[in-house]
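**Q** Since the structure of chain A is provided, determine the placement of chain B on it from the hints.
Number of protein chains: 2
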Amino acid sequence: MFSEIKKIENLFVLFIIPIFLLLFAPFRLFGEDGYELWLRYKNIDNADKLEEYKTNIQAVYFPGDSPTLQAAREELTKGLEGLLGIPVIFANGSIENGTLLVGTPASSNIISSLKLGKKLKILGQEGFIIQNSVAKGKKCIVVSANTDVGILYGVFNFLKLLQTNKSLENLSISDKPKIKHRLLNHWDNLDRTVERGYAGFSLWDWHKLPDYLDPRYKDYARANASIGINGTVLTNVNSNSAVLTPMYLEKVAALANVFRPYGIKVYLTARFSAPIEIGGLKTADPLDPEVKKWWKIKVDEIYKYIPDFGGFLVKANSEGQPGPQNYNRTHAEGANLLADALAPHGGIVMWRAFVYNYDVNVDRAAEAYNEFVPLDGKFRANVLIQAKNGPIDFQPREPFHPLFGAMKKTPVMMEFQITQEYLGCATHLVYLATLYKECLESDTYAKGKGSTVAKVLDGSLFNYSNSGFAGVSNIGTDRNWTGHHFAQGNWYSFGRLSWDHELSAEEIAKDWIRMTFSNDSEVVNTLKEIMMASRDITVSYMTPLGLHHIMAEHHHYGPGPWVSESGRPDWTSVYYHQADSNGIGFDRTEKGSNALAQYYPEVREKFSSLETCPDEYLLWFHHLPWDYKTKSGRTLWEELCYKYYSGADSVKWMVDKWSSLSGKIDEERFEQVSAFLKIQQKEAIWWRNACLLYFQTYSKRPIPSEYEKPSGTLEYYKNLRFPYSPGIRPSW
Amino acid sequence: MFSEIKKIENLFVLFIIPIFLLLFAPFRLFGEDGYELWLRYKNIDNADKLEEYKTNIQAVYFPGDSPTLQAAREELTKGLEGLLGIPVIFANGSIENGTLLVGTPASSNIISSLKLGKKLKILGQEGFIIQNSVAKGKKCIVVSANTDVGILYGVFNFLKLLQTNKSLENLSISDKPKIKHRLLNHWDNLDRTVERGYAGFSLWDWHKLPDYLDPRYKDYARANASIGINGTVLTNVNSNSAVLTPMYLEKVAALANVFRPYGIKVYLTARFSAPIEIGGLKTADPLDPEVKKWWKIKVDEIYKYIPDFGGFLVKANSEGQPGPQNYNRTHAEGANLLADALAPHGGIVMWRAFVYNYDVNVDRAAEAYNEFVPLDGKFRANVLIQAKNGPIDFQPREPFHPLFGAMKKTPVMMEFQITQEYLGCATHLVYLATLYKECLESDTYAKGKGSTVAKVLDGSLFNYSNSGFAGVSNIGTDRNWTGHHFAQGNWYSFGRLSWDHELSAEEIAKDWIRMTFSNDSEVVNTLKEIMMASRDITVSYMTPLGLHHIMAEHHHYGPGPWVSESGRPDWTSVYYHQADSNGIGFDRTEKGSNALAQYYPEVREKFSSLETCPDEYLLWFHHLPWDYKTKSGRTLWEELCYKYYSGADSVKWMVDKWSSLSGKIDEERFEQVSAFLKIQQKEAIWWRNACLLYFQTYSKRPIPSEYEKPSGTLEYYKNLRFPYSPGIRPSW
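Protein chains in written order, with this note's numbering: chain A, 109 to 840; chain B, 109 to 840.
For reference, chain A alone in the conformation it holds in the complex (with noise of 0.2 Å):
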């Protein structure tokens, strides 16, 4: 008898086991290319916590079978028995110790049990709890939340404290959202190119659709809802009405088929000439009854195709955009116009502040305020102002932008761009989340210390009615979706942020790390370390300073301080750095353009103050002589070499850095990100010599001879050509 049993465990291991680890191997053993992101679910390779989840999770009960609960079932199995390594055993009801509990209290008798009505009331249509209990006397771990979406993003975090090999004693987590809105922005053609894309082209395959769904919708959907993203643009804000028509109409229904599951709605851009392209209209005036009437009848049928659509995100009378201004109408009276539309459906418009008209007379920095502010309450209800983190475009390093705080009535919610345009494109090693953080963390003093941008943000400064996150998308085609392995964290911090801002750089950064890379504790140090210096480190190789918009034309791939004619002054790079024999920067005081008079007083005077200017801004804000003392002792000239040299010196220590942990990385993506390093350290040095040999030129001041003399020469670097670069439009 004895013998026998040990024949079938012997059996079992021998055969059971093997097939059941090969049945699992494509999850767990897919190449590394990166295609799977931060859902890994890697088997877990610290022995005691495999044992304690092994023993916490011996069992799944799992009621329920709407397609948001079959999807957050299917990620949970995936997720476990990758994870795990065995497969799941769900429970019909009969509960142990081990059983996972899932579920609303709607769902099940067992789950209403636990009594979690009033951890529940807070949490709202997306939040969710974590929690240890004890279900029919049995202890168990509970994933619970008042709607099915809540139930997903619960299961989501829950596989994430398995992959960050977080403990699951003494659970008691209770999370929601602190932004309704969350969402990327694609700035994708019909086409398929992407605008300021480097990862490859768009993942809409729109000749395709609505036939054929590539499953790799179904996974972009999946990443998005595990950090809580809960809504997608799907074309570019210089918008094509053609995405408004039928055909495309039933293409864009197909996707959001496959998103809804996860909680994501669609959005698209709305080109406000469409009554005129593709409704035959001869205006597109707003207050055109005819127009009036298109936009309803339009919009009911979008609403035909998606019952869910979000909205429209306009780009309007900017960079040739036609917009309500053609009309001599008020951007309120565009943006209004799309809300009523929309209002019966619930939908609602992002109304973008990126504006600035061809006035340059006005500092560029100042124009969107100019124009919003004025018109801070003239939006309808369902109508958010979308700005950009800074006054100018995207630039390594801008100060908040002057809207947050100034719009009281009217909810403005966050432009992000996650995409690196400005921060070395393809292939630089820039984290995001330290830029992110440090916008929201300023401090409007809109009403008094502490008003911080993210509390303008998430409505409590104002009492928003809603609230909202954008990022302009880096994702693309490339198999590992980012193109740089490590701009998946972008996306990823991005995301995470607007579930919660409060969240810090650093704690995002481990998670990403453990999640895609591995717990171990060298790795995690090593590249949190890297991350976390490297937006600091990429300011300082191009725009140091407070310096900004000093990159090549057009593509913005390198630098291009030289760039002195083009469409319009305010696209031009000395526009912005001013630099002559006397000095370099953008005085912004009241003896400059005044653009300080749009932040309120203690922002303002800091920044008009050389005593309180940090130097991180000193050059924005600032005009200034060469001879110029900062605040280390060096003149203004030798900071800037100083700045540049130890930026471009300090991706060498990335490289460093990286390169210690040979081994402990797999090796496709190992090689893959120094390849990449190597690129961005060449780049630093290009940026760095660029740079100062021409500033050189009004400096007149030698580059201080403990630096390397740059390689080539001014000429060199003016004379190169990048005609196709990734990420610009083909009609550009």
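No lab work stands behind these hints: they were computed from the structure.
Predicted model, so just to flag it, every value in this text is computed and none were measured.
Keep in mind that the hints are not guaranteed to be accurate.
It does not matter which identical chain is meant; a pair holds if it fits inside one copy or across any two.
Claimed, not checked - Derived pair list, reagent style SDA-like, types lysine to any residue, alpha-carbon separation capped at 25 Å:
id: 1; residue 1: Lys826; residue 2: Leu298
id: 2; residue 1: Lys326; residue 2: Ser770
id: 3; residue 1: Lys772; residue 2: Leu321
id: 4; residue 1: Lys150; residue 2: Glu776
id: 5; residue 1: Lys150; residue 2: Leu769
id: 6; residue 1: Lys268; residue 2: Tyr325
id: 7; residue 1: Lys390; residue 2: Arg829
**A** Below, chain B without anything else, positioned relative to chain A:
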């Protein structure tokens, strides 16, 4: 003692085998997304075969260390470990029964002792043998060749034997290519768009080259080498001289370095006006000494970057491309200019015959012949004339190009299109080997009966000193390389035929199915049946009875028989179908354009006579009344209806056939092909309805009542617009 052994055995079974299985799982269990192409190396599921193979391949003796031999050994290792599921044991000269011997006689005494010299002598620089042999008294299989690349080809072919479950008894394979230059032509632009590309975008990530080498480049080389392709033209024939500048040559060199071990040379397209555009000259006149000098220096420079550079492919004086005729020089003078620069380095010029000037009084089908035949004998020895298979432009069915057989002193090489510009673009299942074979086996009668196109191409008919096959690539960034899984079979069959044009389309299909999908006989037979029928089906629903060039403008997606205005008359459809109230078809007999005069008498007579002209070419050569009685007994109009309806119905048959394999094909590929087949079915009906409704406006006859009525109106079909169809150059 016995129990000790048992214990060790158990240990082995318990740990070693599972660990080993897991180690190699990525190769075998890699997601069935089509990335692995026909190099799947899946564990052999036929137990008898597996046993036979394990017995015959117990160890591998494979000396030598050149990059090519390393690549071959790596492939053999990956292949055997995947197919056999056990680690490869490499022998160091101790030969036993079942040792696989791989190497050139020069590489090893053991192999030279086999006395293969006589057999190898006739196999040239690329041939190989695979045979059973006895070495040191042991039964062995030997793979040998005169060169390292021959070994590589031998290894791929040996693995193919296993992949297709062939017996390893009585092996006696001696093989060498019949064609010297076997090339893919990539119509890839430097911005990564692909003209007529339907599988995503260009593989060449120029922006990150030369620093980052996508692992995919190597897999591309492996796939090509496995089917005998030995060259690749990286850039579009609508060319861009920027690729000849140092910045790009450095990138090209990096690709060449990846491809070199796989026996693949890189080629570029040379823009004839490059001396002006990047050389600063005032002219590109081929007789100008400065121009000659410029090209010589440029070519010398290219060879500094790429010592084994293959040469140039040139589209000149065709569709707006510059060429020698801009300077009143001939194509020969243009080609010789480049040939002279390349000759010292061993490079070749492939000069395209796809030209048609602006005199529309001439039948476009006749123009290439008229331009090139008079130049026969005037080209340098390292020039090949590259002609498309038919005289128009890659139509679903064309008669063979009259240039084949007409150039006795100048090697004419073949340009087939693999990408499906006129064959349903991304989503139609059309197996092209039958199209290729139809052309290759066509008899030109140039030297009497049996003077097939293939014999012209391989040089045997006219003793050409050079020979070439080019295929316009269907490869892009799509995960499965070619968009449609079955389009992989077109890449595959092009390669196989370029090596050996005597292979049948059917045997190539069988190999491909076995390697790509399954050795299951139902799968093999069903897919073979679908594939073999597919091209005729497509011709029937698109362009039956010799109709041609009736597709939509520009993007060529879908029907457009009504296209009557375009940049040139011979870019319209009406130019080609000539439908009027009397009848339909292009009269190319002596009563018409007399293009038939360009064929040898036997061919001319066959096609001229309505008695002998096959139905397939009826309207290609004849304009016939709607009531003309066809061989079927039906009138021409009825026959047209019959063809369109039976073609569309046959797609339904394909759908059903494919569906019958449910469960025998992995899920992801099964679903994708199913979706694509449904698109094909929809589009076949679209083609049928649009064409018949249009032609009916001339025929004034009803669609026979046994057929279902077209669902849309002619106006509906005429008004469909697809401005963002893939595969169009952005500049168009």
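**Q** Compare the structure with each hint and give your call.
**A** Verification of the supplied hints:
Only between protomers do Lys826 and Leu298 lie at most 25 Å apart by alpha-carbon distance; the minimum there is 22 Å, versus 34 Å within a single protomer. For the identical chains of this complex, Lys326 and Ser770 are inter-copy neighbours only, at 22 Å across copies versus 33 Å inside a copy, given an alpha-carbon limit of 25 Å. In this assembly of identical chains, the alpha carbons of Lys772 and Leu321 lie at most 25 Å apart only when taken from different copies (21 Å versus 36 Å within one copy). In this assembly of identical chains, the alpha carbons of Lys150 and Glu776 lie at most 25 Å apart whether taken from the same copy (16 Å) or from different copies (22 Å).
Proximity of Lys150 and Leu769 under a CA criterion of 25 Å is satisfied intra-copy only: 19 Å inside one chain copy versus 33 Å between copies. Within a single copy, Lys268 and Tyr325 get their C-alpha atoms as close as 22 Å, which meets the 25 Å cut-off; across copies the closest is 35 Å, which misses it. Within a single copy, Lys390 and Arg829 get their C-alpha atoms only as close as 42 Å, which misses the 25 Å cut-off; across copies the closest is 22 Å, which meets it.
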